[in-house]
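Please take these sequences and the hints and turn them into a complete structure.
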Amino acid sequence: MELLLASAIGVLMAAGVYLVLRARSFDLILGLTLISYAVNLCIFAMGRLAPGKPPVIRDGAALTLAQHADPLPQALVLTAIVISFAMTALLLVIALRARSGSGSDHVDGREPGDQA
Amino acid sequence: MNHLPVLAVALPLLVGAVLVLLHAVPINARRVVALLGALAQLALSIALLRTAADGTVSVYLLGNWPAFAGIVLVVDRLAALMVLLTATLGLIGLLYALAGQDRRTPHFHALFAFQVAGLSGAFLTGDLFNLFVFFEVLLISSYGLLLHGGGANRVRRSLHYVTFNLLGSALFLIAVAVLYGVLGTLNMADLARKIAQAPAADAAVIQSAGLLLLGVFALKAALLPLYLWLPNTYAAASAPVAMLFTVMTKVGVYAVLRVYTLLFGADAGVGANLAWPWLLPLGLATIGLATFGALAAQSLRRLVGYLIVASAGTLFVAIATASEASIAAALYYLLHSTLATAALFLLADLVRRGRQQAGDSLRRVDALAHRTALGLAFVLAAVSVAALPPMAGFLAKAMVLDAIGVQGHGAWIWTVILGSSLGVIVALARAGSHLFWRGDSAPGPAGAAALRPRLPERAALGLLLLLGVALTVFAQPVSEFTRATAAQLLAPQALIAHVLGAQPRAQLEPTP
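Residue numbers (the numbering used here), protein chains in the order written: chain B, 1 to 116; chain V, 1 to 512.
In case anyone wonders, no lab produced these hints; they're calculated from the structure. Because the structure is a prediction, the values reported are computed rather than measured. There may be inaccurate statements among the hints.
Label pairs and their computed distance ranges (CB to CB) [said to hold, decoys possible]:
no., chain 1, residue 1, chain 2, residue 2, range
1, V, Leu-22, B, Pro-71, 34 to 40 Å
2, V, Asn-2, B, Pro-71, 41 to 47 Å
3, V, Gly-501, B, Gly-101, 54 to 60 Å
4, B, Ile-81, V, Gly-405, 34 to 40 Å
5, B, Pro-51, V, Ala-491, 43 to 49 Å
6, V, Gly-501, B, Pro-51, 35 to 41 Å
7, B, Leu-96, V, Ala-475, 48 to 54 Å
8, V, Asn-28, B, Ile-81, 37 to 43 Å
9, V, Ala-411, B, Arg-22, 18 to 24 Å
10, B, Val-11, V, Trp-414, 31 to 37 Å
11, V, Ala-17, B, Val-56, 53 to 59 Å
12, V, Pro-66, B, Pro-51, 26 to 32 Å
13, B, Leu-92, V, Phe-68, 35 to 41 Å
14, B, Ile-81, V, Pro-66, 24 to 30 Å
Output of the computed footprint for chain V on chain B, the stretches with three or more beta carbons under 8 Å from beta carbons of chain V [unchecked claim]:
no., region
15, 26-36
16, 68-76
17, 91-98
18, 103-112
For every residue, glycine included, the Cβ atom is placed at its ideal position computed from N, Cα and C.
See the structure below:
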C-alpha cells in the first residue's frame with residue numbers, strides 16, 4: 001500500500017513537472033494541478049496509512065492514535081485543497097488574459113524563435 | 001489576556017472586508033476608511049513594539065487552545081519590528097496611491113489591506129502551517145495588486161510570478177508535511193524542542209525537509225538561482241505596489257531568520273546550523289550577479305529591482321555568519337534597504353511621469369520636468385543605497401563588514417561586498433546623470449504644472465526619505481534594539497519555554 005501511494009505521488013509529481021516545463025499556459029495549469037494533487041496525497045500520507053480508523057472520536061475507544069486516524073493532516077489537506085483551487089482559478093483567468101492579449105499561449109507571450 | 005497580537009492581523013482583515021463591501025460608495029469615503037485603518041495599524045504596531053521592546057515574549061493562544069494543539073501568535077522583538085516596518089510602508093504606499101493610482105482597480109484599497117494583514121500574520125505566527133497560510137494570503141493579494149492597472153506586460157509577468165509562487169507553495173507544503181510526519185507537531189517552538197531531541201535515524205529526513213524550506217524562503221527572498229522573477233515582476237508593478245513588495249521580499253529573509261535560528265539553530269541536535277553553509281556562498285554569488293544586473297539594467301525600475309536582489313544577498317551573507325553582531329547589523333541593514341529601495345521605486349514612478357516619451361528608460365534621452373526636486377530626492381536615496389557616508393546605508397554596511405570581520409572567509413566577503421558597492425555607485429551615478437543631466441530643459445510652464453507630483457506623492461516620498469535620515473540620526477538606539485533582537489534570536493530557549501508554557505485561560509468571563 002505504501003509503495004503504491006508513494007509511486008502514485010511520484011508519478012503525479014513527475015507528470016506535473018513535465019507539463020509545467022512545456023511552457024504552454026494550458027499545460028502549465030494542468031501541471032500545477034497535478035503537482036497540487038501529489039502534494040495533497042503526500043500530506044495525507046503523513047498521517048500514516050491505516051484502514052478502519054476514524055478521524056473523529058468514537059465512544060468507548062481510547063483517545064490515542066492507535067484507535068484513531070490522525071485528524072490533523074486531513075485538516076491540513078482540506079486547507080491546501082481550498083487554497084490550490086483558488087490559485088488555479090486565478091491562474092486560469094490570468095492565462096486567458098495573457099492568451100487574448102498576446103495571441104500566443106506560450107508563457108513568454110511569443111513563440112520561441114520569434115523576434116519580439 | 002492581551003489581545004494586541006491578534007488585532008494586528010484582524011484589523012487590516014476587517015478593514016479590507018469593509019472596503020470590499022463599500023465598493024459602490026464614492027472613492028473618497030473608501031480612502032478615508034483605508035487611511036484610518038492604516039493609521040490604526042501603525043498605532044497598533046507601535047504598541048506591539050513597546051510591549052516587546054524589553055524582551056517580553058507575548059504568546060497569544062488562538063481559540064484558547066494549549067500551544068501544542070492550537071495555533072499561536074508569538075510577539076518577540078523581531079516580529080514586532082517587522083510588523084512596524086510593514087505598517088509604516090503600508091501607510092506610505094497608501095498615501096502615494098491617494099494621488100490617483102488607486103482609481104485604476106476597483107478593489108485596490110481592500111487588496112492593499114489584505115496584503116498588510118498577510119504580511120503581519122506571517123511575521124507574528126508561531127506555527128509552521130499557519131506561516132504557509134499567511135504566505136498565501138499575502139501572495140493572493142499581491143497577485144491582485146500586481147495586475148493593478150492592467151496591460152499586456154503586467155499580465156504576462158503575473159503569469160510567471162504566480163507560477164513561481166505556486167511551485168514554491170507546493171514545496172513548502174511537502175516540507176511541512178514531512179516535518180509533521182516525523183515529529184508530529186507544527187508549532188515552531190515544539191518543533192524546535194523535538195528536532196533537538198530527534199534520534200540520528202531521523203536526521204536525513206529532518207535535514208531534507210529543512211533544506212526544502214530553505215529553498216522556498218530563498219524563492220521568496222530572491223536568492224541566487226531563484227531571483228530571476230524579481231526584477232521583471234517589480235518593474236511591472238505600479239509604484240505603491242512595488243513599494244509594498246519591498247517588504248514582501250523581506251518576508252523570505254524573516255522566515256530564514258526565524259526558522260533557522262529557532263528550529264535549526266546551534267543547539268538543534270541533528271539539524272544544527274543547517275542553513276548557514278548554504279546561505280554564505282549563495283548570498284555572495286547573488287550580490288555579484290545582482291551588481292552586474294544593476295549595471296546592465298535599461299530602466300530605473302529594473303535597476304532598483306536588482307538593488308533589492310543585491311540587498312537580499314547582503315542580508316543572507318550577514319545572517320549566515322550567525323553571530324549576534326552580524327544578525328544585529330543585518331536587521332539594521334534590512335530597515336535601511338527596505339526604506340531606501342521603496343523611496344527609489346516611488347521616484348522611478350515620478351520620473352516616468354515627468355518624462356513624457358522615454359518613461360524610466362536609461363537608454364532614451366528625454367526632457368524631465370521638475371528635475372531639481374526629483375534629482376535632489378534621487379541623490380538622497382541613491383547615496384544611502386550605494387552605502388556612501390553619511391547616510392544609513394553606509395552605517396549599515398560598515399556594521400555588517402565589522403561584524404563579519406576578516407578572519408576565515410572574511411576577506412572574500414569584504415571583497416565581494418565592497419566590489420558590489422562600487423558597482424552600485426557606478427550604476428546609480430550612470431542612471432542619475434542620464435536621467436537628470438541629459439536631455440533638454442523641462443517642458444514649458446503649461447506642461448510642467450500638469451506633471452507636478454501631487455501633494456500625497458510628495459508627502460509619501462518625503463516621509464520615506466525622512467525615515468531614512470531618521471535611521472541615520474538615531475542609529476545608536478536603533479542598533480541597540482537590533483542588537484537585543486539578535487541576542488533574543490540566538491537564545492531561543494526562553495521563547496520555546498514561554499510558548500510551550502503558555503496556559504489557556506481557565507474560564508472565559510461570562511458575556512453580559
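Hint-by-hint comparison with the structure:
Leu-22 (chain V) and Pro-71 (chain B) have their C-beta atoms about 39 Å apart, which keeps the hinted 34 to 40 Å range intact. Taking the beta carbon of each, Asn-2 (chain V) and Pro-71 (chain B) are about 30 Å apart, not inside 41 to 47 Å as hinted. In this structure the hint that Gly-501 (chain V) and Gly-101 (chain B) lie 54 to 60 Å apart at CB holds, the actual value being about 56 Å. One distance hint, 34 to 40 Å for the beta-carbon pair Ile-81 (chain B) and Gly-405 (chain V), is violated here, with the actual separation near 49 Å.
Checked against the hint of 43 to 49 Å, the C-beta distance between Pro-51 (chain B) and Ala-491 (chain V) comes to roughly 46 Å, which is consistent with it. Remark: the range hint 35 to 41 Å for Gly-501 (chain V) to Pro-51 (chain B) is upheld by a beta-carbon distance near 39 Å. Distance hint check: the CB atoms of Leu-96 (chain B) and Ala-475 (chain V) are about 51 Å apart, consistent with the given range 48 to 54 Å. A hinted range of 37 to 43 Å for the beta carbons of Asn-28 (chain V) and Ile-81 (chain B) is consistent with their spacing of about 40 Å.
For the hinted restraint 18 to 24 Å between Ala-411 (chain V) and Arg-22 (chain B), the CB-CB distance of approximately 46 Å leaves it violated. Range check, Val-11 (chain B) to Trp-414 (chain V): Cβ separation about 49 Å, and the 31 to 37 Å hint is violated. The hint said 53 to 59 Å for the Cβ distance between Ala-17 (chain V) and Val-56 (chain B), and at roughly 32 Å that hint is violated. At roughly 31 Å, the beta carbons of Pro-66 (chain V) and Pro-51 (chain B) sit within the given window of 26 to 32 Å.
Here the CB-CB span from Leu-92 (chain B) to Phe-68 (chain V) is close to 39 Å, well matched to the stated 35 to 41 Å. Here the CB-CB span from Ile-81 (chain B) to Pro-66 (chain V) is close to 27 Å, well matched to the stated 24 to 30 Å. Beta-carbon proximity to chain V at under 8 Å applies to 4 residues in the region 26-36 of chain B; the threshold of 3 is reached and the given coverage holds. Counting residues of the region 68-76 of chain B whose CB lies closer than 8 Å to any CB of chain V gives 3, which reaches the minimum of 3, so the coverage claim holds.
Only residues whose C-beta sits within less than 8 Å of a C-beta in chain V count toward coverage, and the region 91-98 of chain B has 5 of them, enough to reach three; the restraint holds. With 3 residues having a Cβ less than 8 Å from any Cβ of chain V, the region 103-112 of chain B passes the three-residue criterion, so the hint holds.
Of the numbered hints listed earlier, those contradicted by the structure are 2, 4, 9, 10, 11.
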